[in-house]
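Asks: Each chain is listed here by its residues.
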Amino acid sequence: MASVADILGIVPEFNRLDPFSQNEVCRATESRLSLLAWKLRASPYQPVQDQAHSPNVNTDLLQATLRWLQSIPQQHRLGALVALLSTIYITRAELDALMDDAAEQFAEYVFHLEKEPINWSWPLSTDARARVKPFAVSGHDAYDRLVHRLQLTGSVSSSPTHDRATLSASLYPIITSLAHLAEFGSAYIYFEAARKPIKDVAEGWLGNYLLLVEDCSFSGTTISSDLTRLIGVLRALYSNHVKVLTRKRKSPPRVAVLIGFATKQAVDRILKTVWDIDKQLSVPVFCGIVERDARLDQRLPAALDTLCRHLSTVRDPHVALREAVDDYASYFRVYLEQTGMLARHPQAASWRWGFKDGGFAVVTYLNAPNNDLPLLWCPPPRPGGPNLRPLFPRVESRVDHDRSAADNMDTLLQAALSDKNGHIQRLLDEVYGGLS
Amino acid sequence: MMRLSLALPLLRPLLSKGAVHVFSVGFEDRCLAYPQWLRDNCATLERQRFVCVNVEDRAVSSYLRGRQSAHRQVLQHYFPSIQAITPEDLVRRVEQYAGLPGRPVFIDISSLPRRYILRLGNPIAEMAGTRRVFLVYTYPAKYYPGPLQVPLPEFDVVPTDLELPSNPSRLLLIPGFDTEYTNLVLSAIRSRGLGELSVRWLFPFANRYEFYERAVEAHLHLLGEQSVALIAQDQLGLCLRQLLNHIEEAPGDVFISPLGPRVVCAAVALALTRSRLIGNSRRVAVLVPRTSQYNSLRSGGAAEPLLEEVGVHLRGAPE
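Top to bottom, those sequences are chains A and B. Quick note on the working numbering: the first sequence kicks off at 1 and runs consecutively. Quick note on the working numbering: the second sequence kicks off at 1 and runs consecutively.
Hints were generated in silico from the structure; no laboratory data involved. Owing to the predicted nature of the structure, the values given are computational and were not obtained by experimental measurement. Ideal Cβ placement from N, Cα and C applies to all residues, glycine included. Heads up, some of the hints might be wrong.
Said to hold, decoys possible - Not close to chain A: a few residues of chain B, all C-beta gaps over 12 Å, as computed:
hint : residue
1    : Leu-10
2    : Arg-65
3    : Asn-167
4    : Arg-208
5    : Arg-214
6    : Leu-220
7    : His-313
As the list claims (entries may be wrong) - Pairs of lysine to any residue residues, derived as SDA-like cross-links and limited to a Cα-Cα distance of at most 20 Å, are as follows:
hint : chain 1 : residue 1 : chain 2 : residue 2
8    : A       : Lys-264   : B       : Arg-208
9    : A       : Lys-115   : B       : Arg-131
10   : A       : Lys-264   : B       : Leu-4
11   : B       : Lys-142   : A       : Lys-243
12   : A       : Lys-264   : B       : Leu-6
13   : B       : Lys-142   : A       : Val-290
14   : A       : Lys-279   : A       : Arg-269
15   : A       : Lys-115   : B       : Arg-12
16   : A       : Lys-115   : B       : Arg-208
17   : A       : Lys-264   : B       : Pro-104
18   : A       : Lys-115   : B       : Ser-16
19   : B       : Lys-142   : B       : Gly-102
20   : B       : Lys-142   : A       : Arg-254
21   : A       : Lys-115   : B       : Pro-104
22   : A       : Lys-115   : B       : Ala-70
23   : A       : Lys-115   : B       : Leu-10
24   : B       : Lys-142   : A       : Lys-356
25   : A       : Lys-199   : A       : Ile-231
26   : A       : Lys-264   : B       : Lys-142
27   : A       : Lys-264   : B       : Glu-304
28   : A       : Lys-356   : A       : Ala-303
29   : B       : Lys-142   : A       : Pro-346
30   : B       : Lys-142   : A       : Gln-298
31   : B       : Lys-142   : B       : Lys-17
32   : B       : Lys-142   : A       : His-112
33   : A       : Lys-272   : A       : Pro-301
34   : A       : Lys-279   : B       : Lys-142
35   : A       : Lys-243   : A       : Arg-254
36   : A       : Lys-115   : B       : Gly-129
37   : B       : Lys-17    : A       : Asp-407
38   : A       : Lys-356   : A       : Pro-346
39   : A       : Lys-272   : B       : Ser-16
40   : A       : Lys-264   : B       : Arg-3
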């Protein structure tokens, strides 16, 4: 059974400290690892939960850490240890609490828009609840739990297929129908089948709140892409009919974004996306936490102050972290190649700190984002790489990484938005004209 | 709670008609953040009423008292018409200055001692019937490392000693990162012969993630295998509902000990009142250890003030 002293014993810098400093570093390390172990017990890291091999972070954090450090070159072990001790591990309960926090902000927003009814029941009144349409940006179970707590309809797991209820999956049939209707109008062979969902959505979303829900967002890429498509659909459905809707006292839906854990970069990107599409459009973003943007080496957590102070006498932990990250860059590059990111993002060749050089050390119980330090999640290629298993291996699960489907949707949406023959316009004239 | 810059569109119409603003003078910089914001953003200062709660506390060191005095002077310079009151006077004077019914009240609790925040529930409930009531809270911009305050083995108790549950079944313990205060509460419970009382750990959680982790890390040896729950420290309405659920789940009377961030005391105060208003059969009392001496300045600067309308959470409850 490994101890913290065993772990520190294989870090050369630790062995050069005087006994007093060794004791202090040991205490600080033990405290951080105890917290991490406590969180992992409460909420095991899912990607390794079914793995038979032992030890892993769930079964024995200390042993797993010892093995991990042993497989890292000696001169980079301090950097790797600093990365691990800086890691924020978000448990299931914490993620739920973050999403509740963001949902409460959303509820306040709705409360004010609804003119602060005197008989409002928190978080959402029955009437408001019926008009909130939630969409998962990715199919995670934290979304299901939030929807359940808020008593909203729409769950990802209740669908026949897991992806069906994500925003992307919900938009696909709408965009496809719009594109075909725009192209062929009533001559479309499946005209009725395409017309009905458009009519249902166009009517059904009136006066609603469309709420995009995501557990975590680091670069804002996925939400921004989905949001762009959703706004495109809303423009196709409503922008030419504002007058008739106003006359009938109907309003197009409002869009809001809810994120449990977001970076400032992600929030800025989402807001910029909306601004670039339409400067008049307001899409509020509600977050449980907005994390500062700065690479980990520029903002080591205060909890590591003692450790850093003592270790600095032999080697600056910030420098050790940078050098460990540099050393790992070649493995990360293989990941970028294999996932096609290198081809899509020319600047990716210079990334070393994770996707878009994020440099984060935040892991949720569900996954490790690729914006994190690759040391934490990116396995070396096999064969050729060392026998090194990262502590928080990542699962590539997100729909957003399937670029071909996304590109196809964007092309279809452009066709719908151009509506060159006015087919959609006429169809919607008919739909909104029939509203009471 | 909402950042004031985001809340501005909601506030403008309220401020344009005039409102009552209650400040409290403390030794931390953050007590000036909301007054400063008002001065910079409110175009109708002449229609506002300003009240300042002066807290005289002998436990505050002379240096810190000097800072408090300097802050008082700044407030007087900002708002020459400001009226100084004692904490005991808070409710009566707020009512008086509110003048016309309907004039909203903003209470800045950033520097108000916990024992006074904990007594705000009933006055807020009373005011909420006729006007909108908001709480303002400002976090410091940074925290200084340094010695923690030292608790006294004495407690502030709310409502009062007379109404204390004699045989509470549960302690809702809301820890900060200072285990001395936690230990004091736990040993006081034991010394009262309430060893059977079950402890429910409620860690304040959200934007101050580092402080949350520090609090958990400091208490790991006390937690053992016990489960913990999280409460939303920055969403007073949500926090109130969470506290009410915990009170409801308790098999009998309840003690609450809010040792974490001061802002949580506001939700606890609302929970005490709401629990009474809805006729909860459980008696609820709050225990907070007193501090022997405030002699370390542990924070500096001020983040953007936060605001939440709290009156709405006490409205509509049966009297």
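Asks: Does each hint fit the structure? Answer for all of them.
Replies: Hint by hint, here is what the structure shows:
| no. | hint | in the structure |
| --- | --- | --- |
| 1 | Leu-10 | 6 Å, violated |
| 2 | Arg-65 | 29 Å, holds |
| 3 | Asn-167 | 31 Å, holds |
| 4 | Arg-208 | 9 Å, violated |
| 5 | Arg-214 | 7 Å, violated |
| 6 | Leu-220 | 5 Å, violated |
| 7 | His-313 | 7 Å, violated |
| 8 | Lys-264/A to Arg-208/B | 15 Å, holds |
| 9 | Lys-115/A to Arg-131/B | 15 Å, holds |
| 10 | Lys-264/A to Leu-4/B | 18 Å, holds |
| 11 | Lys-142/B to Lys-243/A | 51 Å, violated |
| 12 | Lys-264/A to Leu-6/B | 16 Å, holds |
| 13 | Lys-142/B to Val-290/A | 17 Å, holds |
| 14 | Lys-279/A to Arg-269/A | 14 Å, holds |
| 15 | Lys-115/A to Arg-12/B | 15 Å, holds |
| 16 | Lys-115/A to Arg-208/B | 31 Å, violated |
| 17 | Lys-264/A to Pro-104/B | 33 Å, violated |
| 18 | Lys-115/A to Ser-16/B | 18 Å, holds |
| 19 | Lys-142/B to Gly-102/B | 37 Å, violated |
| 20 | Lys-142/B to Arg-254/A | 37 Å, violated |
| 21 | Lys-115/A to Pro-104/B | 16 Å, holds |
| 22 | Lys-115/A to Ala-70/B | 42 Å, violated |
| 23 | Lys-115/A to Leu-10/B | 11 Å, holds |
| 24 | Lys-142/B to Lys-356/A | 29 Å, violated |
| 25 | Lys-199/A to Ile-231/A | 17 Å, holds |
| 26 | Lys-264/A to Lys-142/B | 19 Å, holds |
| 27 | Lys-264/A to Glu-304/B | 16 Å, holds |
| 28 | Lys-356/A to Ala-303/A | 26 Å, violated |
| 29 | Lys-142/B to Pro-346/A | 39 Å, violated |
| 30 | Lys-142/B to Gln-298/A | 17 Å, holds |
| 31 | Lys-142/B to Lys-17/B | 35 Å, violated |
| 32 | Lys-142/B to His-112/A | 32 Å, violated |
| 33 | Lys-272/A to Pro-301/A | 29 Å, violated |
| 34 | Lys-279/A to Lys-142/B | 35 Å, violated |
| 35 | Lys-243/A to Arg-254/A | 17 Å, holds |
| 36 | Lys-115/A to Gly-129/B | 17 Å, holds |
| 37 | Lys-17/B to Asp-407/A | 53 Å, violated |
| 38 | Lys-356/A to Pro-346/A | 11 Å, holds |
| 39 | Lys-272/A to Ser-16/B | 32 Å, violated |
| 40 | Lys-264/A to Arg-3/B | 15 Å, holds |
The earlier numbered hints that this structure contradicts are 1, 4, 5, 6, 7, 11, 16, 17, 19, 20, 22, 24, 28, 29, 31, 32, 33, 34, 37, 39.
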